[in-house]
Amino acid sequence: MTAKNQRMALAGAGVLAIAVAAVLALSGLKDQAAFFYAPSDVAGALPPPDKAVRLGGMVADHSIKRAADGVSIAFVVTDGKATTPVSFTGIAPDLFREKSGVVAEGHFNRDGSFTATNLLAKHDEKYMPPEMKGRMHETKTLER
Amino acid sequence: MPALHAFANPARFLKIARPLTPVLFWLGVALIAFGAWAGLTQTPPDYLQGESVRIIYLHVPAAWLGMGGWSGIALSSIAFLVWRHPLAAIAARAIAVPGAVFAAICLVTGAIWGRPTWGTYWQWDGRLTSMLLLLFVYLGYMALSRADRERGGAGEIPALYGIAGSVLLPIIRYSVVWWNTLHQGPSIGLTQSTIDRSILWPLPFTLVGFTLLFAAIVLMRMRALLAIAKAEARLRRRAEA
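Chains as they are written, first to last, in this note's numbering: chain Y, 1 to 144; chain U, 1 to 241.
Keep in mind the hints are simulated off the structure, nothing from the lab. Glycine included, every Cβ here is placed at the ideal spot set by N, Cα and C. Worth double-checking, as some hints may not be accurate.
[Unchecked claim] Far from chain U, some chain Y residues (derived; all Cβ distances over 10 Å):
hint: 1; residue: Ala67
hint: 2; residue: Pro93
hint: 3; residue: Val103
hint: 4; residue: Arg110
[What the hints assert, rightly or not] Here are some chain Y residues pointing at chain U (derived, C-beta under 7 Å):
hint: 5; residue: Gly14
hint: 6; residue: Ala21
hint: 7; residue: Leu26
hint: 8; residue: Thr117
hint: 9; residue: Leu120
hint: 10; residue: Glu125
hint: 11; residue: Tyr127
hint: 12; residue: Met128
hint: 13; residue: Pro129
[Unchecked claim] To give a feel for the contact side, a few chain Y residues facing chain U, derived at Cβ under 10 Å:
hint: 14; residue: Ala19
hint: 15; residue: Ala22
hint: 16; residue: Gly106
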C-alpha cells in the first residue's frame, strides 16, 4: 500500500465515521431535539404543569372560539391520532387559522388541556398563488 | 488522476482562472438581476404568506451556498490530505469567507421571513439551530486556518477540521424530516416541488446566478491568496540573500 493509498483509505474511513456520527446524532436526539410535543406524544405521560413545553399540531376545523373579552381564544390541536384543547390570551399571529399548523408555548394542565402563553404559526412546505385557493390543499397532518 | 493534477498546477490554474473569473461574475450578476426582477414583479404572492414569500429567491440560494460551501471545504480538505496539493488547501481557505457570508444571509433572511409568518424572529428549533452552528463552524475554521498559518503549519489541522465539520450537513438537511421543527419540511426535491410552478420559476435563475457569483468570488480569493503566497516567498528570498 503506497502512502497515498493509505491516506485515501484514512480519508474514506473518516468520511464514513462522520456519516455514522450524523445518523447517530439525528436518531439519538430525536426526543430531545423535538421542537414540540404532538397531542399523541403526551397521551400516556403528561408533562407536569410546572414544566414549560411546546405543543404542536393542526388547529382542528371549526374549533376556534373567541371569548367576549376579545383577546382570549380557545381551540383544539390535533395530530390525527389525539387532540388537546388549548386556551390562550394574547395576540395570535396572522397565519394562525383553522386547518393550519400551530405551535403553542405554555404548559399542560392536570386535566390534559393546555394553557398557552404564546402562539407560533407553523407554515407548511406548500406554496401557491391566491387564485389556486379554490382548489386549495388542506394540510391534514404535520407528519411526513 | 492525471486530469485533476493538470488543474492542480498553480500556473495552469491561473491561466484558466484569470479569464474565467469575469465570465462567471457577470453571468452570475445577470442571472441574479433577471431572477430578482422576475421574483419581485412577475410572480404572484403566496395565498397564506402574501408578499413575504419573495424572500425565497434569496433565502434558498443562500442556504444552498452556505451548505454547498462547506461541502467544497470538505472535498478540498480531503483532496489536500490525500494528494498533498497546496492548491486544494488554498481553495478551502478561499471558500470559507463567502460560505460564512451566505450562511449568515440565510439566517438573517429566515429571521425576517419568520417574524410575519411564524410570529417570531428566532426559535431554537432543529433546523435553525443546526444552521447557526454551521455559521459558527465557518468562523472557527477561519480562525483555525489563520492560527495554523501563523504558527507555520502545513494546513493539516484545518483540513481535518474541514472534514469533521461536514457532520453538520446531513443534520441540517434531515433536521426537518427527522425531528419536529418549526421550520417547514423540504419544499424542493430533485424531481418535484410543493411550491407552485408560478411562484417557483424565477428561483433557478437566482440559484444558478448566486452559485456563479460564489464561484467567481472563490476564484478571485484563490488568485489573491496565491499572489500573497508568491509575494511572501519573494520577500523571504530577498531577506535571505
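Hints the structure violates: just list their numbers, smallest first.
-> Structure breaks hints 2, 3, 8 and 16.
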